[in-house]
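**Student:** So the chains spell out like this:
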Amino acid sequence: MYKRLPDAGGATVAITIDGEPFTARAGDSVAAALLLAGRAACSLSAVTGRPRAPYCLMGVCFECLVTVDGEGARQACLVSVRDGMRIETTTEPAP
Amino acid sequence: MQRDHDIAVIGGGLVGAAIAWGLAREGRRVVVLDEGDTAKRASRGNFALVWVQSKGLGLADYVGWTIRSSDNWPRLAADLKEQTGLDVCFERPGGFALALSEAELASRKTIIERIHRQPGVAKFDVEILDRAAIARMQPGIGPEVVGGSYCPLDGHVNSLRLFRAFQIANARLGIDYRPGHAVRGIHYEAGAFRIVTAAGDVYAGKVMLAAGNANAQLAPMVGLDAPMRGDHRGQIVVTRRMPRFLRYPVVTVRQTDEGTVMIGDSYEEASDDAGLTLAISAVEADRARRMFPVLDNATVVRTWSCLRVMTRDGFPIYDQSAECPGAFVACCHSGVTLAANHAYDIAPMIARGALDAGRVAAFSARRFHVQKAA
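Chains as they are written, first to last, in the working numbering: chain L, 1 to 95; chain D, 96 to 469.
Treat each hint with caution, since some may be false.
[What the hints assert, rightly or not] Estimated spans, in silico, between C-beta atoms of each pair:
id	chain 1	residue 1	chain 2	residue 2	range
1	D	Trp399	L	Cys56	31 to 41 angstroms
2	D	Gly131	L	Val60	35 to 45 angstroms
3	D	Cys184	L	Gly27	21 to 31 angstroms
4	L	Gly27	D	Asp132	28 to 38 angstroms
5	L	Asp83	D	Arg267	52 to 62 angstroms
6	D	Arg212	L	Cys56	52 to 62 angstroms
7	D	Asp391	L	Thr23	32 to 42 angstroms
8	L	Thr23	D	Glu363	29 to 39 angstroms
9	D	Ala266	L	Gly27	40 to 50 angstroms
10	L	Ala26	D	Asp271	52 to 62 angstroms
11	D	Gly131	L	Arg50	52 to 62 angstroms
12	L	Ala41	D	Asp352	55 to 65 angstroms
[Said to hold, decoys possible] Just some of the chain D residues that point at chain L, by a computed CB distance under 10 angstroms:
id	residue
13	Asp352
14	Glu353
15	Thr394
16	Val396
17	Ser459
18	Ala460
[Unchecked claim] Just a sample of chain L residues kept apart from chain D, beta carbon distances all over 10 angstroms, derived:
id	residue
19	Tyr2
20	Lys3
21	Gly10
22	Gly38
23	Leu57
24	Asp69
25	Asp83
26	Glu92
Source of the hints: derived by calculation from the structure; they are not laboratory data. Nothing here was measured: the structure is a model prediction, and the numbers come from that model. Virtual Cβ for every residue (Gly too), placed ideally from N, Cα, C.
Could you build the full structure based on these sequences and the hints that come with them?
**Tutor:** This is the structure:
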């Protein structure tokens, strides 16, 4: 669904999303990486249990919460990718 | 004199909006003169409790007045829903004040006893519960909670949605809402009011002052008195949405219908509603965490401060001017709790042209003038 601009440059950054390798670019936010990886959802609403995805992309809506390198509830839109970063989404309800 | 409106309500916050709504339902042509979004707006910073159990120590009539509004709140929520389709999420499961030490519990008990011992006070249920009793009603309390008080009349709403519901309802009722109309002067001329605003003069047959702390400056323009403090600041800490764990609102911690947890009820003397004192937020958050350990890992998404609308003695003022008939003033801290009274009691009184002494005489500002009152 999302594509990079054809002239986008930058060094590549190797990350994993739910254990699967993904190649992002330096300067990408985690939210951008998730969208480019085709993830339709990254978290579940605490109230309704429905899937949520990055929405405002500027730190306001708190819909893009993911676990980054083991730290939960990070806002994906406010964290930049780093080489070796491990990102985990929550798309299944806790057992 | 030219009269464009039956009545001008000065102040477009929750108090002004609720009174305007009630007036329009009585068939009056109402204009609301509001400063706008730059106003120090308690209606956007409040904690959203509809609260009974701690009110009225020092003014017995305030207890009955508060219970009356709490009892009429289901009607208000239903009327607004019918009119706007918006659910303001009013719930009245009862509410707690929790104590984190035996000393706090003793102090709580004393306050409740003193409220109930006042002559002529309305009776209502409130009980001191021990830790085990509270844990049965509200699981997940921390080990430091020794007990607390529970009142079945207490509840809460989504107060931002309440404010929005009033704005939508008022527009549908044909109320002329005018932002950018900060009031600079009010002149009583030939039996009506000429109101000088930032955007020109407005004429009305009556005037209702509902401008929060700014009533202190407006009241003397029409022969009224509204001694306000203007320096009573509270702060609120808001977490991200969490699965529902609070079955009841607590006076310092509540969980909204949307899952966020609001932590509040601080007090400091400050007149800047844009500043925050971190040490106060830290104490609020720490106490909330000790009450509910699930908050240990909660993410804070917002904090804010807000000035309480507070009269000099903390009790509401409802008054009418002898010097300028048709001028009224309403000041209160609890614009959410008392919204039902403002809509269903105060507004019809204003529409009729006189406050009902049987209901609100105790709230006259004459109480601040002991010599004159005697």
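**Student:** For each hint, tell me whether it holds in the structure or not.
**Tutor:** Right, here's what the structure says about each hint:
Restraint check, Trp399 of chain D to Cys56 of chain L: a C-beta distance of roughly 19 angstroms breaks the suggested window 31 to 41 angstroms. Evaluation of the 35 to 45 angstroms hint for Gly131 of chain D and Val60 of chain L yields a failure: the beta carbon distance comes to about 23 angstroms. For the pair Cys184 of chain D and Gly27 of chain L, the supplied restraint of 21 to 31 angstroms is violated, since their beta-carbon distance comes to about 42 angstroms. For the hinted restraint 28 to 38 angstroms between Gly27 of chain L and Asp132 of chain D, the CB-CB distance of approximately 36 angstroms keeps it satisfied.
Distance hint check: the CB atoms of Asp83 of chain L and Arg267 of chain D are about 57 angstroms apart, consistent with the given range 52 to 62 angstroms. For Arg212 of chain D paired with Cys56 of chain L, a C-beta distance near 53 angstroms keeps the hint of 52 to 62 angstroms intact. For the pair Asp391 of chain D and Thr23 of chain L, the supplied restraint of 32 to 42 angstroms holds, since their beta-carbon distance comes to about 37 angstroms. Separation of Thr23 of chain L from Glu363 of chain D is about 52 angstroms and departs from the stated range, judged on CB atoms against 29 to 39 angstroms.
A hinted range of 40 to 50 angstroms holds for the C-beta pair Ala266 of chain D and Gly27 of chain L, which are about 46 angstroms apart. The hinted window of 52 to 62 angstroms between Ala26 of chain L and Asp271 of chain D holds, with their beta carbons roughly 56 angstroms apart. Remark: the range hint 52 to 62 angstroms for Gly131 of chain D to Arg50 of chain L is contradicted by a beta-carbon distance near 36 angstroms. Ala41 of chain L and Asp352 of chain D have their C-beta atoms about 23 angstroms apart, which leaves the hinted 55 to 65 angstroms range violated.
For Asp352 of chain D, the suggested interface contact is upheld, since its CB lies about 8 angstroms from the closest CB of chain L, less than 10 angstroms. For Glu353 of chain D, the shortest C-beta to C-beta distance to chain L is roughly 6 angstroms, which falls under 10 angstroms, so the interface hint holds. Below 10 angstroms, beta-carbon pairs count as interface contacts, and Thr394 of chain D has one with chain L at about 5 angstroms; its hint therefore holds. Interface restraint check for Val396 of chain D: the shortest CB-CB distance to chain L comes to about 6 angstroms, inside 10 angstroms, so the restraint holds.
Nearest Cβ of chain L to the Cβ of Ser459 of chain D: about 45 angstroms, over the 10 angstroms cut. The hint is violated. With its C-beta approaching chain L no nearer than about 43 angstroms, Ala460 of chain D sits outside the 10 angstroms limit, and its interface hint is violated. Remark: the non-interface label on Tyr2 of chain L is consistent with the geometry, its nearest Cβ contact in chain D lying 26 angstroms away (cut-off 10 angstroms). Chain D leaves Lys3 of chain L outside its interface by the beta-carbon criterion, the shortest separation being 31 angstroms against a cut-off of 10 angstroms.
For Gly10 of chain L, the condition that its CB be more than 10 angstroms from all CB atoms of chain D holds, with the nearest at approximately 30 angstroms. For Gly38 of chain L, the requirement that its beta carbon stay farther than 10 angstroms from each beta carbon of chain D is met, with the minimum near 26 angstroms. Every Cβ of chain D is farther than 10 angstroms from the Cβ of Leu57 of chain L; the closest lies at roughly 16 angstroms, confirming the non-interface assignment. Non-interface status of Asp69 of chain L relative to chain D is upheld: no Cβ of that chain comes within 10 angstroms, the nearest being about 16 angstroms off.
Non-interface call for Asp83 of chain L relative to chain D: holds, since the shortest CB-CB distance, roughly 26 angstroms, exceeds 10 angstroms. Non-interface call for Glu92 of chain L relative to chain D: holds, since the shortest CB-CB distance, roughly 15 angstroms, exceeds 10 angstroms.
Violated hints for the displayed structure, listed by number in ascending order: 1, 2, 3, 8, 11, 12, 17 and 18.
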